[in-house]
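Asker: One line per chain: the protein sequences are A and B, in this order. One rule links them: number in my numbering = place in the first sequence (from 1) + 25. One rule links them: number in my numbering = place in the second sequence (from 1) + 25.
Don't take every hint at face value.
Chain copies aren't distinguished; within one or between two, either way the pair holds.
Unchecked claim - No more than 30 Å apart at the CA atoms, straight line, and that leaves these computed lysine-lysine pairs for DSSO-like: (1) K154 - K355; (2) K327 - K409; (3) K374 - K233; (4) K232 - K259; (5) K118 - K394.
Hints listed in this document are in silico derivations from the structure and should not be mistaken for laboratory results.
Protein chains: 2
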Amino acid sequence: MAKKKSVRKATGSKKSAAKPGARRKRSRRGEDTGAKIVELAESVVELARNETDPFVDIPIRALSNVDFNAKTRYIEMGDRTQRRNFFNYGQAKRFMQTMLIASKCKDNVEADKSVSIRGIYYLAKHTIKGTKEKTFDAQEECDPILEDLEVALESLREELHVYASSRGAMIGELTFVDTGDTIDATRLGTGGYAIPSIVEPNVIQFKKCNAKFILHVEKDTVWRRFVEDRFWEKHRCILTHGNGQPPRGVRRLLHRMHNELKLPVLVLMDNDPWGYYIYSVIKQGSINLAFESRRMAIPDAKYIGVSSFDYERFGLSDDVKIELDANDIKRSKQILNYPWFAGKKPWEKEIKKMARNGFKMEVEALASKHLTFVTDQYTPQKLKDKKSWLD
Amino acid sequence: MAKKKSVRKATGSKKSAAKPGARRKRSRRGEDTGAKIVELAESVVELARNETDPFVDIPIRALSNVDFNAKTRYIEMGDRTQRRNFFNYGQAKRFMQTMLIASKCKDNVEADKSVSIRGIYYLAKHTIKGTKEKTFDAQEECDPILEDLEVALESLREELHVYASSRGAMIGELTFVDTGDTIDATRLGTGGYAIPSIVEPNVIQFKKCNAKFILHVEKDTVWRRFVEDRFWEKHRCILTHGNGQPPRGVRRLLHRMHNELKLPVLVLMDNDPWGYYIYSVIKQGSINLAFESRRMAIPDAKYIGVSSFDYERFGLSDDVKIELDANDIKRSKQILNYPWFAGKKPWEKEIKKMARNGFKMEVEALASKHLTFVTDQYTPQKLKDKKSWLD
Numbered sequence: 026m027a028k029k030k031s032v033r034k035a036t037g038s039k040k041s042a043a044k045p046g047a048r049r050k051r052s053r054r055g056e057d058t059g060a061k062i063v064e065l066a067e068s069v070v071e072l073a074r075n076e077t078d079p080f081v082d083i084p085i086r087a088l089s090n091v092d093f094n095a096k097t098r099y100i101e102m103g104d105r106t107q108r109r110n111f112f113n114y115g116q117a118k119r120f121m122q123t124m125l126i127a128s129k130c131k132d133n134v135e136a137d138k139s140v141s142i143r144g145i146y147y148l149a150k151h152t153i154k155g156t157k158e159k160t161f162d163a164q165e166e167c168d169p170i171l172e173d174l175e176v177a178l179e180s181l182r183e184e185l186h187v188y189a190s191s192r193g194a195m196i197g198e199l200t201f202v203d204t205g206d207t208i209d210a211t212r213l214g215t216g217g218y219a220i221p222s223i224v225e226p227n228v229i230q231f232k233k234c235n236a237k238f239i240l241h242v243e244k245d246t247v248w249r250r251f252v253e254d255r256f257w258e259k260h261r262c263i264l265t266h267g268n269g270q271p272p273r274g275v276r277r278l279l280h281r282m283h284n285e286l287k288l289p290v291l292v293l294m295d296n297d298p299w300g301y302y303i304y305s306v307i308k309q310g311s312i313n314l315a316f317e318s319r320r321m322a323i324p325d326a327k328y329i330g331v332s333s334f335d336y337e338r339f340g341l342s343d344d345v346k347i348e349l350d351a352n353d354i355k356r357s358k359q360i361l362n363y364p365w366f367a368g369k370k371p372w373e374k375e376i377k378k379m380a381r382n383g384f385k386m387e388v389e390a391l392a393s394k395h396l397t398f399v400t401d402q403y404t405p406q407k408l409k410d411k412k413s414w415l416d
Numbered sequence: 026m027a028k029k030k031s032v033r034k035a036t037g038s039k040k041s042a043a044k045p046g047a048r049r050k051r052s053r054r055g056e057d058t059g060a061k062i063v064e065l066a067e068s069v070v071e072l073a074r075n076e077t078d079p080f081v082d083i084p085i086r087a088l089s090n091v092d093f094n095a096k097t098r099y100i101e102m103g104d105r106t107q108r109r110n111f112f113n114y115g116q117a118k119r120f121m122q123t124m125l126i127a128s129k130c131k132d133n134v135e136a137d138k139s140v141s142i143r144g145i146y147y148l149a150k151h152t153i154k155g156t157k158e159k160t161f162d163a164q165e166e167c168d169p170i171l172e173d174l175e176v177a178l179e180s181l182r183e184e185l186h187v188y189a190s191s192r193g194a195m196i197g198e199l200t201f202v203d204t205g206d207t208i209d210a211t212r213l214g215t216g217g218y219a220i221p222s223i224v225e226p227n228v229i230q231f232k233k234c235n236a237k238f239i240l241h242v243e244k245d246t247v248w249r250r251f252v253e254d255r256f257w258e259k260h261r262c263i264l265t266h267g268n269g270q271p272p273r274g275v276r277r278l279l280h281r282m283h284n285e286l287k288l289p290v291l292v293l294m295d296n297d298p299w300g301y302y303i304y305s306v307i308k309q310g311s312i313n314l315a316f317e318s319r320r321m322a323i324p325d326a327k328y329i330g331v332s333s334f335d336y337e338r339f340g341l342s343d344d345v346k347i348e349l350d351a352n353d354i355k356r357s358k359q360i361l362n363y364p365w366f367a368g369k370k371p372w373e374k375e376i377k378k379m380a381r382n383g384f385k386m387e388v389e390a391l392a393s394k395h396l397t398f399v400t401d402q403y404t405p406q407k408l409k410d411k412k413s414w415l416d
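Could you build all of it, start to finish, from the sequences and the hints given here?
Answerer: Right, dumping it as C-alpha cells:
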C-alpha cells in the first residue's frame with residue numbers, strides 16, 4: 026500500500042462540499058482543531074435538517090487497514106472507513122459518544138485547557154436525562170472513541186488537548202521555550218527536563234540549538250550514565266530517554282527536533298527483540314497508532330547499538346550474555362518478517378546473528394568492561410563508525 | 026518495639042573498637058561512606074590476621090525484625106542481626122559477594138561516579154580465576170547484597186552511589202542547585218524538573234524557597250492538571266508527583282524539603298486502598314525499606330484527600346463511583362490493621378466509610394463537576410479546612 030491516507034466524514038453541509046468518500050486535502054491539517062470539530066458537528070446537523078440519517082465516517086483502525094508505505098517509510102492507515110449512523114440500534118450509542126467527546130474536546134480547545142484520557146472520560150460521563158443510562162460505563166468505551174475522533178479529524182490527540190501519561194526526560198545542547206519559560210537544557214543539573222505529554226508548537230518553541238544530533242536511549246538508568254558523564258557536552262548533543270517504549274510526548278518531541286532542527290536521531294537500545302521493536306516504533310511508527318505516524322515517525326532514525334556483532338567487535342566477556350528464551354526467538358522471527366525489516370540485508374544479518382549468538386545484551390552490561398566504557402569508548406566509537414549503524 | 030536501631034558489623038580492628046553486637050553511634054551516619062567501607066574491610070582483614078574466621082553481621086531485613094515505632098512514628102528495623110562467615114560453606118559465597126559489592130561501591134564513591142543497580146551487578150560480575158564460577162549468576166543475587174550493605178553500613182543506597190529508576194517531577198516556588206546548575210522551579214514550563222534518583226546534599230542544595238507547603242499528588246496526569254492551572258503560583262507551593270508509588274528519589278527529596286525547608290507535606294491521592302497505602306509509605310516508610318525510614322519517612326505528612334466523606338461533602342454525582350472489588354475490601358481491612366492506622370479514630374472512620382460507600386473515587390473523577398474543579402474549588406477548600414485532613 027502506498028496510497029495517500031484519506032479521511033472521510035459526514036458531509037451534506039454546503040461548507041464542506043466534499044462527498045463522503047472524497048479525499049480531504051492534506052492542507053487541512055494546519056487548520057484549527059476547534060474549527061474542524063465545528064465542521065464535523067455542522068455536517069451532522071445539516072444531514073439531520075435534510076432529513077437524512079446523520080452519520081460519521083471513521084477510518085478503520087485495524088491491522089487490515091494498516092500498511093507500511095515504502096515511499097514515506099512509515100506505517101500508514103489505508104483508505105477503508107466505517108460509517109457510524111445515528112438511526113442504527115447498534116451504532117446510536119457510539120454515535121452519541123463520538124459527538125459528546127468531540128464537544129468536550131471543543132470546550133477544552135476553546136478554554137485552552139488540556140485533560141488526561143481519564144479526565145475526558147469523567148468529563149463526558151453522565152446519566153442521560155430521564156433514564157438510568159450512563160453515557161459511558163467504563164473508560165474502555167471512551168478510549169476508542171477518542172481515537173476515532175483523532176483519525177476522523179486528522180488531529181493528533183494532543184491537538185484535541187488530551188494528554189497521555191508522561192515519562193522520559195531531556196538534557197543537552199538546546200534552549201527552548203515552554204509556555205513562556207525559557208529553558209536552557211544544558212543547565213538542568215542531573216535531573217533534566219521532564220518531557221510533557223503535549224509538546225506541540227503552541228506549547229514548545231525551539232530557540233537555540235548547539236546540538237549536532239540527538240541520542241535517544243531506552244532506559245532512564247542508561248540516560249543517567251550519559252548525563253553523569255556529561256556526554257551531551259563532550260559530543261554536542263541532546264540526550265533523551267523514554268523509559269522503555271517512549272510515550273507519545275517523547276516521540277513527538279523527537280519528531281519535531283528532527284524535522285525542525287534538522288538533527289539526526291541516533292537510537293541506543295538493548296540488543297534484544299524489544300530494543301529492535303522500540304527502535305522500529307520510533308522510526309516507522311506502530312500499528313496501533315498508524316494514524317499518527319506522519320506526526321510521530323522518524324524514518325531517518327538510525328540504530329547505533331547495541332548490535333549482535335558488538336560482542337566480538339568490542340571484545341566483551343561472557344558476563345554480558347543473557348540467554349535468549351523461547352519468546353525472544355519467536356519475537357526475533359516476527360520482527361524479521363515485518364515489512365520494514367524484511368529485505369534489509371544488514372538487519373537480517375543483525376537479527377540472525379543474535380539467534381546464532383544465542384544471547385542478548387543490555388546497554389548496562391557494557392559496564393562489565395568498566396563503568397564509563399559506554400560513554401568513553403563504546404558510543405564515541407559507534408558515532409565515528411557510521412558503517413556499523415543500522416538503518 | 027520502640028528501641029533505637031542498632032547496626033553491628035565485623036570488628037576486631039583497633040580503629041573500630043566496638044564489639045560485635047555493640048551499638049553504633051548515630052553520629053556515624055554523617056561520616057564519609059567511603060571511610061565506612063574501608064572500616065568494614067579493615068575489620069575483616071584484622072579478623073583474618075588474628076586467625077579468626079572473618080565475618081560481617083548484617084541486620085535482618087525481614088518482617089520479623091521490623092516494627093512501627095510509636096515514638097518516632099515510622100517503621101523501623103529491630104536489633105536482630107545475622108552473622109555472615111567466610112569459613113562456612115553456606116555463607117562463603119555471600120561473604121565474597123558482600124566484599125565485592127562493597128569494593129565496587131568504594132571505587133564509585135572515590136571516582137564520584139554513580140551507577141544503577143543493574144550496572145553494579147554487571148560491574149561486579151566476573152568469572153572467578155581458575156574456575157568457571159561466576160561471582161553473580163543473576164541480579165536477584167546482587168540486590169539483597171546491596172541492601173545488606175546499606176543496613177550494615179547505615180548508608181543509604183544513594184550514599185553508596187547507586188541509583189534506582191527515576192520517575193516523578195517537580196514544579197513550584199523553589200530555587201535549587203543541582204550539580205552547579207541553578208534551577209528556578211517556577212520557570213520550567215509545563216514539563217518540570219525530572220526528579221533524579223540521587224538527591225543527596227552533594228547533588229542538590231536548596232537556595233530560595235517561596236513555598237508555604239508541598240502538595241504531592243499520586244499521578245502525573247493529576248500533577249499536570251495542577252501545573253496547567255498554575256496552582257503552585259496561586260497557592261505558593263511546590264507540586265510533586267511520583268507516578269504512583271513514589272520512587273526513592275522522590276521520597277528522599279520530599280523528606281529533605283520537609284525537614285530542611287520546614288515545609289508541610291500534603292498528600293493528594295485517590296480514595297482507594299492503594300492511595301492510603303502510598304500515603305502511609307510517604308509518612309511511615311515501608312516494611313521492605315524499613316532500614317531507610319529515618320531518611321525517607323515524613324511522619325508529619327498529612328492526607329488531604331480524596332476522602333470517603335468527600336462524596337457528600339462536595340455533592341459529587343454517582344459518575345465518580347467505582348465499585349469496590351473483593352481485593353479492595355481485603356486491602357482496606359489489612360490497612361485498618363496496620364499499627365500506624367489502627368487506633369487512629371479518623372482513619373478508622375475514613376476506611377469504614379469507604380466500605381459503607383461500597384465505592385472508591387479517583388482524583389480525576391472530580392472532573393465530572395468541571396475540568397478545573399480540583400484546582401479551583403476542591404483543593405483550595407481542603408487547604409482551608411484543616412479539620413478534614415487525615416493524620
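Asker: All hints are to be evaluated individually against the structure, with a verdict given for each.
Answerer: These are the hints, each one checked on the structure:
1. K154 - K355: Neither: 52 Å inside a chain and 36 Å across chains, both beyond 30 Å.
2. K327 - K409: within (13 Å within a copy, 54 Å between copies)
3. K374 - K233: Neither: 40 Å inside a chain and 56 Å across chains, both beyond 30 Å.
4. K232 - K259: For K232 and K259, both the intra-copy (21 Å) and inter-copy (28 Å) Cα distances are at most 30 Å.
5. K118 - K394: between (60 Å within a copy, 23 Å between copies)
Checked against the numbered hints above, the structure violates hints 1, 3; every other hint is satisfied.
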